[in-house]
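Participant: Spelled out, the chains give:
There are 2 protein chains.
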Amino acid sequence: MGDFTEIEKEIFYKIIFSRRDVRRNFIKKKISNEVLLRILTAAHHAPSVGYSQPWNFILIRDKKSRLDIKESFSKERLKSIELLEIDEERKRKYLDLKLEGILESNLNICVTYDHKRFGPFVIGRMTIKEAGIYSVCCAIQNLWLAARAENIGVGWVSIISNNDLKRILKLPPTIKPIAYLCLGYVKNFEIEPDLQTVNWLSRLNLDKVINYEQWNGNNRNTQWKGFNQHLNRTNTSA
Amino acid sequence: MGDFTEIEKEIFYKIIFSRRDVRRNFIKKKISNEVLLRILTAAHHAPSVGYSQPWNFILIRDKKSRLDIKESFSKERLKSIELLEIDEERKRKYLDLKLEGILESNLNICVTYDHKRFGPFVIGRMTIKEAGIYSVCCAIQNLWLAARAENIGVGWVSIISNNDLKRILKLPPTIKPIAYLCLGYVKNFEIEPDLQTVNWLSRLNLDKVINYEQWNGNNRNTQWKGFNQHLNRTNTSA
Chain Y
23 MGDFTEIEKE IFYKIIFSRR DVRRNFIKKK ISNEVLLRIL TAAHHAPSVG YSQPWNFILI
83 RDKKSRLDIK ESFSKERLKS IELLEIDEER KRKYLDLKLE GILESNLNIC VTYDHKRFGP
143 FVIGRMTIKE AGIYSVCCAI QNLWLAARAE NIGVGWVSII SNNDLKRILK LPPTIKPIAY
203 LCLGYVKNFE IEPDLQTVNW LSRLNLDKVI NYEQWNGNNR NTQWKGFNQH LNRTNTSA
Chain X
23 MGDFTEIEKE IFYKIIFSRR DVRRNFIKKK ISNEVLLRIL TAAHHAPSVG YSQPWNFILI
83 RDKKSRLDIK ESFSKERLKS IELLEIDEER KRKYLDLKLE GILESNLNIC VTYDHKRFGP
143 FVIGRMTIKE AGIYSVCCAI QNLWLAARAE NIGVGWVSII SNNDLKRILK LPPTIKPIAY
203 LCLGYVKNFE IEPDLQTVNW LSRLNLDKVI NYEQWNGNNR NTQWKGFNQH LNRTNTSA
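Going line by line, the protein sequences match chains Y and X. The numbering of the first sequence is the working numbering, which starts it at 23 and goes up by one. The numbering of the second sequence is the working numbering, which starts it at 23 and goes up by one.
Next comes chain Y alone, as it looks inside the complex:
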């Protein structure tokens, strides 16, 4: 297959940078069968350890299930608030955050991991046992970016009990829920992450998460000097 051009790269990065974790401003418009199929096909084309494709996508529109899942969220959210009780300011901020769009979004998707698929011998998973779960996460990121390209918002709700999910969605014991996602068209995509807007946390400068040759590696050696200078000239936290 051919090379991508400068213009094609630019479009790709625009999708990467404008993807948001969306929890509000969902609108009523339905996701069509054609669009949903494209998004799921993108997820299914993620890399997977030993080509094991260990994911499932449970599509949920049923109101009753969503109400039950929302109840699980509310219960877990209260538990989290208790963990913050010594810090009054953070607690207040946390209480103001909108953290899920379970009922307002057009579609919920539970993404699960099946350890047994094509097993027990899966190339690469004999050494790194968790590698199958990593594959599922790659599929989730494909799904998320495809949704953004389709102008659809996605929010990952992690304040949910996996035991509740297993009960509500009738998952067999061997199936592990990895993500609970809310998808829908939105009024608009925000220009920065919500948690940055409300000053919960800021994006780190890229140089804080780059290491040279080893954990405490020196960026002043000849090999990496040029890269490090280029990095410092570029604003990478925007």
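Derived from the structure by calculation, the hints contain no laboratory data. Hints are not guaranteed to be accurate.
Chain copies aren't distinguished; within one or between two, either way the pair holds.
[Claimed, not checked] Straight-line Cα separation of at most 25 Å, DMTMM-like style, residue types lysine to aspartate or glutamate; simulated pairs:
no.	residue 1	residue 2
1	LYS120	GLU110
2	LYS230	GLU56
3	LYS192	ASP25
4	LYS97	ASP109
5	LYS247	ASP109
6	LYS151	GLU110
7	LYS92	GLU30
8	LYS247	ASP118
9	LYS97	GLU214
10	LYS120	GLU93
11	LYS192	ASP109
12	LYS97	GLU126
13	LYS188	GLU152
14	LYS188	ASP229
15	LYS247	ASP25
16	LYS198	ASP229
17	LYS52	GLU152
Using the hints, position chain X against chain Y.
Facilitator: Coordinates of chain X only, in the frame set by chain Y:
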């Protein structure tokens, strides 16, 4: 931010579908500082639980480290072969597979997870403890796709001992290696995954990994009938 057009979506999907897990045919061309910075910036713009950005990227070009890591691979690969000894045909196939490009690729990147970053209270991670690791995997997939857009191949080597990685890269005890990636320009990108070409495994039909409303949900109910028909009319395993 504005909506993406049909042409822009098409380019995005072309990148998704032409991304490969690359272990051979690396060429000598160096990845420039500008290109490397763009790829890492894309990774750093992945979603993360509670905006915790718990990743680090260790950039490795040093020959000595790579030789040590290759040695770890060779050792672990032998262990895996032993697990296959009852199945002579699969064993022969496995022995023929090229599973890493540690020495031939231009650059190796070890992606790690830092549980302590912005902790202990990370929104969403109080309920799902592993959510921070999931975030790192999303960053890896962003990196992988960005590399493909830049016409650079990436191979994820999971036949490596994490203990060896920690020793060779001098990782502190709290830092967990998640992925060991080999990056470089390639002669060409294959049109299908290597493990499919050699008939190790095939891509599943998409309908095998889609569930309706719950694990054993019925796709014949009114809500999902149209989607299911559309799915069956479309070839999704290509």
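Participant: The structure should be examined with respect to each hint, and the outcome stated for every one.
Facilitator: Outcome of the hint check:
1. Taking CA atoms no more than 25 Å apart as the test, LYS120 paired with GLU110 passes inside one copy only; the shortest distance there is 18 Å, against 56 Å between copies.
2. When the C-alpha separation of LYS230 and GLU56 is checked against a cutoff of 25 Å, the pair qualifies only between copies, where the shortest distance is 18 Å, while the shortest distance within a copy is 41 Å.
3. For a Cα distance limit of 25 Å, the shortest separation of LYS192 from ASP25 qualifies neither inside one copy, at 45 Å, nor across copies, at 37 Å.
4. Taking CA atoms no more than 25 Å apart as the test, LYS97 paired with ASP109 passes inside one copy only; the shortest distance there is 20 Å, against 50 Å between copies.
5. In this assembly of identical chains, LYS247 and ASP109 lie within 25 Å of each other by CA distance neither inside one copy nor across copies; the values are 42 Å within and 50 Å between.
6. Taking identical chains as interchangeable, the C-alpha atoms of LYS151 and GLU110 lie at most 25 Å apart only when they sit on different chains, with a minimum of 24 Å there against 41 Å within one chain.
7. In this assembly of identical chains, the alpha carbons of LYS92 and GLU30 never lie at most 25 Å apart, being 40 Å within a copy and 35 Å across copies at closest.
8. Taking CA atoms no more than 25 Å apart as the test, LYS247 paired with ASP118 passes in neither setting, with 44 Å inside one copy and 40 Å between copies.
9. Neither within a single protomer nor between protomers do LYS97 and GLU214 lie at most 25 Å apart by alpha-carbon distance, with minima of 29 Å and 45 Å respectively.
10. In the homo-oligomer, the alpha carbons of LYS120 and GLU93 lie at most 25 Å apart inside one protomer (15 Å), although the nearest pairing across protomers, at 49 Å, exceeds that limit.
11. In this assembly of identical chains, the alpha carbons of LYS192 and ASP109 never lie at most 25 Å apart, being 38 Å within a copy and 36 Å across copies at closest.
12. For the homomeric pair LYS97 and GLU126, the shortest alpha-carbon distance inside one copy (19 Å) is at most 25 Å, but the shortest distance between copies (52 Å) is not.
13. Both within a single protomer and between protomers do LYS188 and GLU152 lie at most 25 Å apart by alpha-carbon distance, with minima of 20 Å and 17 Å respectively.
14. When the C-alpha separation of LYS188 and ASP229 is checked against a cutoff of 25 Å, the pair qualifies only between copies, where the shortest distance is 21 Å, while the shortest distance within a copy is 40 Å.
15. Neither within a single protomer nor between protomers do LYS247 and ASP25 lie at most 25 Å apart by alpha-carbon distance, with minima of 29 Å and 39 Å respectively.
16. In this assembly of identical chains, LYS198 and ASP229 lie within 25 Å of each other by CA distance solely across copies; the values are 19 Å between and 35 Å within a copy.
17. Taking the shortest alpha-carbon separations for LYS52 and GLU152, neither the intra-copy value of 36 Å nor the inter-copy value of 32 Å comes in at or below 25 Å.
Violated hints for the displayed structure, listed by number in ascending order: 3, 5, 7, 8, 9, 11, 15, 17.
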